[in-house]
Amino acid sequence: MRALERPAHRLLRAADAAANRLYGWHLNPIYQTGAIAVALLAVLIATGLYLLLFYRVGAPWASVAHLQADPWLGRWLRSLHRFASDALVVAVALHAWRMFAQARAWGARALAWSSGVILLAVLLASGWTGYVMVWDAFGARLAISGARLFDALPVLSEPMRRIFAGDQPIPGAFFFLNLFLHVALPLGAAAGLWIHLSRLARPTLSPPRALLIVGIGALVALSILAPSPLAGEANMLAVAPHVAVDLFYAFWLPWADALPPWLAWTGAATTLGVALIIPVVTRRPRTGKDAPSVVDDRHCTGCNQCPVDCPWEAITMIPRTDGRTTLVARVDPSRCVSCGICAGSCAPMGVGPAHRAGRDQLEALRLVLGASPPGFSGRVVAICCEHAAPAHLAPLRAAGAHVELLGCAGNLHSSVIELSLRGGAAGVMVFTCPPRDCRGREGPKWLHERLYNDREAELQARVDRQRVAIGVMAAGDLAGTLVAWHDFTRRLAPAPPEPLISVDEDLDALCDPQPLASRVERQ
Amino acid sequence: MTTRAVLGRLVGGVASIATLALLRAGSLTSMQTASDDAAVLRLSWSARPERIESCHRLSDTELAARPAHMRMRWECEGQFATYGVTVRTDGRVFVSDTVRGGGLRHDRSMHVFREFALRAGSRRIELELRRIEADTRSDAAESAAVASGSADANRETREAQERRTRRSESLPSLLRIDTTFTVPPRSVVLVTYVVAERRLVLRTP
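Chains as they are written, first to last, in my numbering: chain A, 1 to 523; chain B, 1 to 205.
Because the hints were derived from the structure by calculation, they are not lab data. Each statement offered as a hint is correct.
Distance ranges between label pairs, derived from CB positions:
#1 B:3 <-> A:180: 55 to 65 Å
#2 A:14 <-> B:88: 56 to 66 Å
#3 B:15 <-> A:364: 41 to 51 Å
#4 B:153 <-> A:235: 53 to 63 Å
#5 A:171 <-> B:91: 37 to 47 Å
#6 A:280 <-> B:31: 31 to 41 Å
#7 B:15 <-> A:251: 17 to 27 Å
#8 A:265 <-> B:115: 18 to 28 Å
#9 A:202 <-> B:5: 30 to 40 Å
#10 A:265 <-> B:132: 24 to 34 Å
#11 A:1 <-> B:88: 47 to 57 Å
#12 A:265 <-> B:88: 30 to 40 Å
#13 A:65 <-> B:88: 38 to 48 Å
#14 B:115 <-> A:70: 34 to 44 Å
A few chain A residues that don't get close to chain B, going by computed Cβ distances all over 10 Å:
#15 3
#16 10
#17 33
#18 96
#19 184
#20 256
#21 301
#22 390
#23 454
#24 461
#25 466
Every residue gets a Cβ at the ideal spot worked out from N, C-alpha and C, and that includes glycine.
The whole structure should be built from the sequences, with the hints applied where relevant.
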């Protein structure tokens, strides 16, 4: 399964690049698939409530036909309900694809993945019941195919398909049960959504307003200009040679009809099983870049910043056992996704994944500074998220940048920027991935807060903000990357700075606002 | 915004419209599910299978030994019948199968739902539903409305009536349809069992 991740990722990056070229990274819909799905669910609930007012289980098709005959509201609201449900399937499928391709389905994310798979199954089942409600040729086809599959299970002795034999009217109880399911399944999905998001701090539930308005507006326009037609009422004593099928919800129909029911069930169960075991088969060893964060108790001041910043609620504060009066942070490895956001949030550099904590970053930078004396010698440093756009690194180097890579921009400890400038860099530009595509979820947001809004671990006031910048490096938007780079370097050009200190100075102590020795002494 | 970016947004607009068109096309894909001259022969019924049983009349002593709520003059043991169903169209055997009552012990109604593709046009349909087991019923139980004037005469009469009713509600041992008719295109020909008439009927649109 992991062998599939690489081609899936290549394909995803190509799609991202294309969408970035067409819409810009701010409005790239492929970055927002999860939030778009939630927005579409809201549209479905709103339009569904209206449609429900007119639905009659005693005359299903006639009540839908009555709605369809209303050109002012009913017809296009019904179409909007249908097209939004189709778009929802697309959004969910793209969302799953992104999570799989970016290896974001295992570990702490396994619950989100598994619940997402179940939610998708519930969505498809809900769509199934929705089309049966209409009771046109397609609805009847879905009902009969579903009954055929259901009849293969040893549940009822009387075949469910007998309902649709045509020797008697379809009982109202069937439509009532179907309506109940169509309402109950989305309610269940809402509860499932809560589980899906339960491990996330501050989940993003809405796409950017412009995208939301344009996206929903486009669906409304489609519903008004090209509404979904209503086929004739289902006739159990007639064969419909052509049926207008919704492929998003009935892609399985040709196979289910052609295969023996047991084989169709086996196929469905296998597909579901494979989807559910993806977290297991894509699991990585918790070492190297996937090692969970750890806390160095000696440096933790109990400031409570890392639990606040952690996008996965993996950190809690507990009483200390070493006699000091403050609390100490504890990382739950089962909830930690190794994003490293905590490394950037800890002023005394006491938390972070192994080899990626603040002190490790300073150490690595010190090695770079030591290897190219004297320091950066007036060069501009580009610190780039390694996931953002690898294809942009070579052009950046060609443009004169000294490029350093980081697992996530949110990992970056502000002291690294200060040390780079003190080490002779003319400026430091941090390139993040597009904020809605951050694998650490909140890296760009926290980086911005730490550099410009004094969020812990803030960039010290003594650092000249004119020599620091944040840019976004989005796949397919090399021009945007280079424009941001050249704007920054032009701004720097007039006054190349002098190194403020020697690289041999005790930089940890200088960057640490509260040296360890004094903290321990006071407590 | 650069010219290139503006051009990108324009192409993006066109791509969005194309995506919407694709969404609508995917939502309303016409799928051919049958040929224009296709028709369907559908067998669909629910009926109680016959009970194949042997009965014997309890003596007064035997009857007295039973708990009060289980005293029946005639005690019958047996099973529900199994049926062979055969369907031929224009002499070609469509299906030759065995059907029996529902439930784990096959003591529930027998439910049948089968569909077969037909071509429109004039067709001869032969359908036979024949009980497989031989009838081992003791006619004595059937005609045992004893008029002996005993104290249990009413009970015995009632038991006999109940057996006759159950028998009349169950499938006959042989049902057959053999008819030639014109099957309209895109139609469903339904064969069902009418309980009140105890016969199979064929319905066409």
